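Colleague: If you're matching them up, the sequences are chains X and F in order. Anchor point for the first sequence: position 327 equals 326 in numbering that gives the first Met the number 0, and the numbering is continuous, going up by one each time. Anchor point for the second sequence: position 156 equals 155 in numbering that gives the first Met the number 0, and the numbering is continuous, going up by one each time.
Keep in mind that the hints were calculated from the coordinates and are not lab data. Here the structure is a predicted model, which means the values were calculated and not measured. Just so you know, not all the hints are guaranteed correct.
[Said to hold, decoys possible] With a cut-off of at most 27 Å between alpha-carbon atoms, the simulated DSS-like pairs for lysine-lysine come out as follows:
| no. | chain 1 | residue 1 | chain 2 | residue 2 |
| --- | --- | --- | --- | --- |
| 1 | X | K278 | X | K220 |
| 2 | X | K257 | X | K338 |
| 3 | F | K338 | X | K397 |
| 4 | X | K257 | X | K270 |
| 5 | F | K338 | F | K320 |
| 6 | F | K338 | F | K257 |
| 7 | F | K1 | X | K397 |
| 8 | F | K320 | F | K257 |
| 9 | X | K1 | F | K397 |
Number of protein chains: 2
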Amino acid sequence: MKVIGLMSGTSSDGVDAALVEIRSTRTSRRTRSLGALHVRPLAFGVTPYSSSLRARLLAASSHGTVSELCHLNAVLGELSAAAALRVVQKAGLTLSAVDLIGSHGHTIHHLPHPVFEPEVGWIRSTLQIGEPAVIAERTGVTTVADFRARDVAAEGEGAPLAPYVHHLLLGHQQRSRLIVNVGGICNVTYLPAGGNLPDLIACDTGPGNMVLDALAHRLTKGRQRMDRGGRMAAAGRVDTRMLAHLLAHPFLRRPPPKSTGREEFGEAFLKRVLALQRKLRCSLRDLLTTCCVFTAISVGSIRRWLPGAIDEVVVAGGGTKNRALMSALAAVFQPVPVKSLEQVGWESKAFEAIAFACLAYETVRDHCANVPSATGAKRPVLLGTIVPGGPGWYERLKRRLSP
Amino acid sequence: MKVIGLMSGTSSDGVDAALVEIRSTRTSRRTRSLGALHVRPLAFGVTPYSSSLRARLLAASSHGTVSELCHLNAVLGELSAAAALRVVQKAGLTLSAVDLIGSHGHTIHHLPHPVFEPEVGWIRSTLQIGEPAVIAERTGVTTVADFRARDVAAEGEGAPLAPYVHHLLLGHQQRSRLIVNVGGICNVTYLPAGGNLPDLIACDTGPGNMVLDALAHRLTKGRQRMDRGGRMAAAGRVDTRMLAHLLAHPFLRRPPPKSTGREEFGEAFLKRVLALQRKLRCSLRDLLTTCCVFTAISVGSIRRWLPGAIDEVVVAGGGTKNRALMSALAAVFQPVPVKSLEQVGWESKAFEAIAFACLAYETVRDHCANVPSATGAKRPVLLGTIVPGGPGWYERLKRRLSP
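Isolated chain X, as found in the complex (with noise of 0.2 Å):
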C-alpha cells in the first residue's frame, strides 16, 4: 500500500510530505503485538509556505478571527494537496498509484488542559487546520486527518502521539532504546529491547530548540533564526551558577506522564533567564552554551523514572544538526552510544510525515494508535476522521490491505 504523510509543524515553515510503501504482517490480537509494519520511503519533499503566509499563520495561531481561520483551513487544504501531489511526482509516480493519505494538519491552536465550562462539564480540545475534504478531492485519494482531536476526547492531552510509531518502526529485539526528539520541545521514547506497546514511556523532557533558537536571535541581533550546527554554543563556556538555576526547574522533578509547551519554556521563560544572565553577568554566548547543556541534562534526567537500562541513544529532530547539543546529549548518557535517525536508517527531516502516513495506515486497518500511557488518554482509541476519496474507498482499500 501506498501512503503518503503530510505534516505542518509548529515551526509553520511549509507542508512535509513522505510518499512511502508499507506492507504489514499479521497481527496477534492475543499478545497485543502489534504486527511488523515493513515502511519503505519513495520520497520526501518540502513545499513551503511564503514568508506572508508563515507570518499569518503564527498570528492566527495566537488571535486568529474566525473568517481568517475559515480561509486559511482552506489555503492549507490546497497547499496540503499541491504537497502531495508534488512527493509522488518526485517519486515518478502519478496519484492513482496512492492509496491512502494522513496528514496531521497545522496546529492552530492546543488547549488540552481542562476548562471547566458551566452545564457542559471539563473541556479539552485542540484545532488543526488544512481542510481534509480539500486534499480528498483535489488527489481523489481517501484521507485520514484530525488525529489529535480523538485523543482529547477521550481524555488525553492530544499529543505526543509519534511513540506509537517509535514502537512499530524503532523498537529493537535485542536493544533497548531511548528515543529523543528534538523540536522546539525536547520529548524521549523508552523502548524496551523487544518490548510491547504497554511497556513504552513516552514524555516531554524540557525545552528544545525553542529556548536555543531564541538565544541564537538574539545573539546575533535578529540575523539568524537558530544557531546553526550549534557552532555558538561550541564556542561558548558553560556558566555553572546559571546551570544551577535552570536544573532546579520543577518541570524536571515531574514524573511522567507530562507535557509541556510554550507556556511553560517560552517568552516567560526568556525573561526570567535573561533577568539572571544580566544579574549573574554571564555573557549571552556562554548563557546559550549553559542552555545547551541544561537541554541535554534535562533529557538524561528522564532515567530516573525508566524501569530498565538504555543500550541506545536515538536522536531525532532538527537538533540531531545540532553538534554541540549532540556532544552534550553524548556526555550525559556516556558510555551509552548517542546515534542519530540517520544512523539507524531513518532520514530525520522525513520522519514526522512518515509517522502520519502509519497512523492513518493503522485507522484504516482499525488499529488504535494513541499510546494512554503517554497523552493520559483514559483508553485505545481510533484515531482520525476520514474523508472517502469516492464511491467506492472502503473495498478498494480493504484490498490493499489483505490481497
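With chain X held as given, fit chain F onto it using these hints.
Modeller: Showing chain F alone in chain X's frame:
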C-alpha cells in the same frame, strides 16, 4: 438501520436531534434512480443552548478568536453527544441500538464566494463546529460530519444540501411539488412528478424570517424576537409603493442556481428599507405586512424559471407557523394548494435533523448526495468526513446496510 441526525441552526437556539429508522430499496445505477429511502421517525428533541452560550456563538461567528473557536468546537461536540443520548432515551432505546450519527454541526462561518489567494488560487471556505470526534467518543457510534466542506471543495457553495433529501422523501410519482423552506432565507426545491435527481431545481428565492423577525423585534421595541403566528403582519396593510420598491430587488431577476444570505438581506438591507419607510410615511406594522407579502411574491417569482407546472406547494421551516405568510403564499400560488410539511406527513421542526441522518446514511452507502445544479459544484461528491465509532465500525455498518 437506526440513525441520529443532529443540527444546530444559524439561529443558535440549540441542537436538534432526530432518531429515525432507515431502510433502502435496491439502487439502479442505469437510471440514476436513487432507490427509495423508507424513513420512519422514532423521536425528536431539542437541547437548547443557554442564553450566554447563544450569545457566545453569535459573537464567535462574526469575530470569534482562535482560542474561543477551539474551545466552542469541543463544547458543541459535548452538547451534540448529549442531544444524541437524550433523543435515544426519549425513544426508549439505548445508544447500542444506534448504527450511525449524522451531525451537521454549527456553521460558524461561510465564505462560499471565491477569494483570490496569491500562490494558491481561488479559495472558497466554510467552517462548521461541534467536534465529531467528541460525539463518536461519547456515544461509541460512527459519526459523519462536515457535510458542506466537500461540496465547497468541489467548487460548490456548500448549500443547499436539503434538496437531495427533498427528492428522496418528498418526491411524488403523480404530483409535481414545490418545496418552500422558510428559514432566515427562503429556498425552494422543485420536484417534477416522477422525476429523477437531475430533474430537480433548487435555489434561494430571497429573504424569509430574517427580515420579518427583525421588523417584529423593532415593532415590539425588543420584547419579541418574531411575529408569533404572523399576528402583527395580519393586522397591517400592504403599502403598494413600498412593495414595488422591494420587488425591484435585482436578486429576484437572477436565474437559478442562486443563493443569498445575511450579506444581501441582513442589516444593510434592513437599513435601506427603514429609510424608505420613513420617506414613504408607511407605518412599521404596514412595512411588516408588506415584507410578508414581498416574501411570498419572491417565492412565487421562481415559477418563471421552472420547466413545468406545480401541482402542490409544500411549506417547511419555521415560516409554516406564520399564518399571514401562509395566506400570502396561498394567494400567490392560487389555485395551486399550499400545504404545510405536516400535511404531507412530516414534522416541520424535525425535518432538518432528519435530513442529516439521511445524508449520513447516503455517505456510508457510497451515494454522492450534493446536487450540483443546486450548489453549483462541478460534480457529485461523497459528502462528509467519517469518525469511526471504534474498531470494526465499517463491517458492522455494512452488515446493517445489506442484511
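Colleague: Which hints from the list above does the structure break, by number from lowest to highest?
Modeller: 3
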